[in-house]
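Chemist: With chain A's structure known, arrange chain B on it following the hints.
Line by line, the protein sequences are chains A and B. Sequential numbering from 656 applies to the first sequence in my numbering. Sequential numbering from 482 applies to the second sequence in my numbering.
If you're looking for bench data, these hints aren't it; they were derived computationally from the structure. Among the clues, some could well be false.
[As the list claims (entries may be wrong)] Per the computed footprint, the stretches of chain A lying under chain B, defined by three or more beta-carbons under 8 Å from a beta-carbon of chain B, are:
#1 727-741
#2 749-758
#3 761-774
#4 908-920
#5 947-953
#6 958-965
[Stated by the list, open to error] Computed from the model, here is a short list of chain A residues facing chain B with C-beta under 8 Å:
#7 Pro669
#8 Thr670
#9 Val685
#10 Met798
#11 Gly924
#12 Phe927
#13 Thr935
Ideal Cβ positions, reconstructed from N, Cα and C, are used throughout, including at glycine.
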Amino acid sequence: MLRYILTRIGLVVPTFIGMTLLAFFLIRLVPGDPIETMAGERGIDAARHAALLKEYGLDRPVLVQYGIYIGRVLHGDLGKSMITQEPVLREFAALFPATIELALCAIVFALLLGIPAGIVAAVRRNSVFDHGVMGVSLTGYSMPIFWWGLLLILLFSVQLGWTPVSGRMAVKYFIEPVTGFLTIDALLSGEKGAFKSAVSHLVLPTIVLGTQPLAIIARMTRSAMLEVLGEDYIRTARAKGLSKFRVVALHALRNALIPVITVIGLQVGVLFTGAILTETIFSWPGVGKWLIEAINRRDYPVLQGGVLLLGLVVMTVNLLVDLTYGIINPRIRRAS
Amino acid sequence: MTSATTAVSSAAAAPRGPLRDFWGYFSANRGAVAGLVFVIAVLLMAAFADVLAPYPPDLTNSAVFLKPPAWQAGGSWAYPLGTDAIGRDILSRLIHGARLSLTIGIAVVALAIAVGIALGLIAGFLRGVVEIAIMRLMDIILTLPSLLLAIVIVAILGPGLMNAMLAVVVVVLPHYVRITRAAVITETSKDYVTAARASGATQWRLMFSEVLPNCAAPLIVQASLGVSTAILDAAALGFLGLGAQPPASEWGTMLADAREFVLRAWWVVTLPGLMILLTVLAFNLLGDGLRDALDPKLKR
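So here's chain A without its partners, still in its complex pose (with noise of 0.2 Å):
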């Protein structure tokens, strides 16, 4: 177990260094002169292009350059932005946990949805559920979630005036972050209606981005159940006569769901990839949207940074999910 633990974690620092050389060499990829391409149409005078390029390192060689950036990185500075000057690092953690009530709150939706209709799919297989199911499933899968999320405004919002369109509260409402959970800080906050106003909000992003992370949920419990409940000691349960319940809910469905673990923490990436979209579209003011104004903006260390953090973000919760899948998992824990 230890070897695997050991083994597993060693992975993590190639990973690690290939992300800064990634994340290094973007803004040193962008065709001409990095500098000048941030400018843009400000343009820009010689003197502040000589410091800007000092400040960036981007006078030095590139090795010594890189080694400057990881120690840097290192150190938590990530940069500043070049249209606000704040610092890089702040700025995500300021944005981050509107991305991660967002998240959560849709793996919470794909969770309490899939599984139930995995398990019901595999125990009444061939029946109209079931294949209602997969089709459903195999259509979330298909979905264009940006569109998705139009559509969904298009009734909800606008036809039947049932969930705000965009943000993440009525602007009435001041609340005091404490957790950065705006949900939760209205309800500390005991302030009347910004509860309500926080979750009329999250409602729809929600579904949106839980859509995919569904489709595969659900898809993955139906085949997983389907392969366990062929087994023989489930036979065997149910030759002794225990109830078509607790064979399915206590025998079968722990066994089914080591695999649907690792597919849910595969799904951190397909999480981010939609909260970009998700954010976009519902003006939510997350990471996903803050990445997508810094490039269109061409605010390169926002950029820069982002990716960082964000790929570490992914790379330390598959990290977390595949050291629990070898403790739940006796097969891994065993092995080594």
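Modeler: Coordinates of chain B only, in the frame set by chain A:
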């Protein structure tokens, strides 16, 4: 003696040819056939776009801004699916969009397969440091959220259809490399490869004539599923303003243009997305069907 053996073998359930065998499994899957039919329809639409589309895709008509589809009040059959904000016929743009989306899907997959097979063969045959380097690089690509990486690449190269396609190639590449490498490693341990090697086949011959044809099935399946990923990712980039640039009638780009009209013209928003969804769904159905038909482990 010989004639007797032939008689016996043909009498005992005449074995079907591999192609008929494949079609037998494939056609039993109704979803896969539906997917195939839709894919062929879109292919024809793309091929004959100039004939089928009532107008050129970029023709603007200042008399008909945001005209609703024919069946709605205010619509007319001159523009069956309505017009967009600068009076272009939506139907014509959707038909021409098929050309772009299919080109994107097929070109991306073709390039990813070519590069992926090359890297996968190298990794699988040479092993050692080369393999570690290639596979570690692929792991890094897989670690980053796919769209984020694609966005970064486009941010470096600049927005545009070609760069968006290149970005998607990089993002999907690891799947092909991994599949090829895994298949190569499985195949090279088999007897026929040892036999070929013993009879003096060169490394090249082993790679391309002996091993590669036997790795084809998983690659075909991945390719078919990959077209849908490529179309979806390229449309997402188009939607973010990083893919095909206006006035291109790429479906994702059309959606990006249409976003601000979501409140008053449902058709400019609904129809391009529906085309993306149906096309992606069709390729996914097709890919699932191919996998079921080609994977011997799943055969009944």
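Chemist: So, for every hint listed, does it hold in this structure?
Modeler: Here is what the structure says about each hint:
no.: 1; hint: 727-741; result: violated (count 0)
no.: 2; hint: 749-758; result: violated (count 0)
no.: 3; hint: 761-774; result: violated (count 0)
no.: 4; hint: 908-920; result: violated (count 0)
no.: 5; hint: 947-953; result: holds (count 3)
no.: 6; hint: 958-965; result: holds (count 3)
no.: 7; hint: Pro669; result: 5 Å, holds
no.: 8; hint: Thr670; result: 5 Å, holds
no.: 9; hint: Val685; result: 6 Å, holds
no.: 10; hint: Met798; result: 6 Å, holds
no.: 11; hint: Gly924; result: 4 Å, holds
no.: 12; hint: Phe927; result: 4 Å, holds
no.: 13; hint: Thr935; result: 7 Å, holds
Checked against the numbered hints listed earlier, the structure breaks hints 1, 2, 3, 4; every other hint is satisfied.
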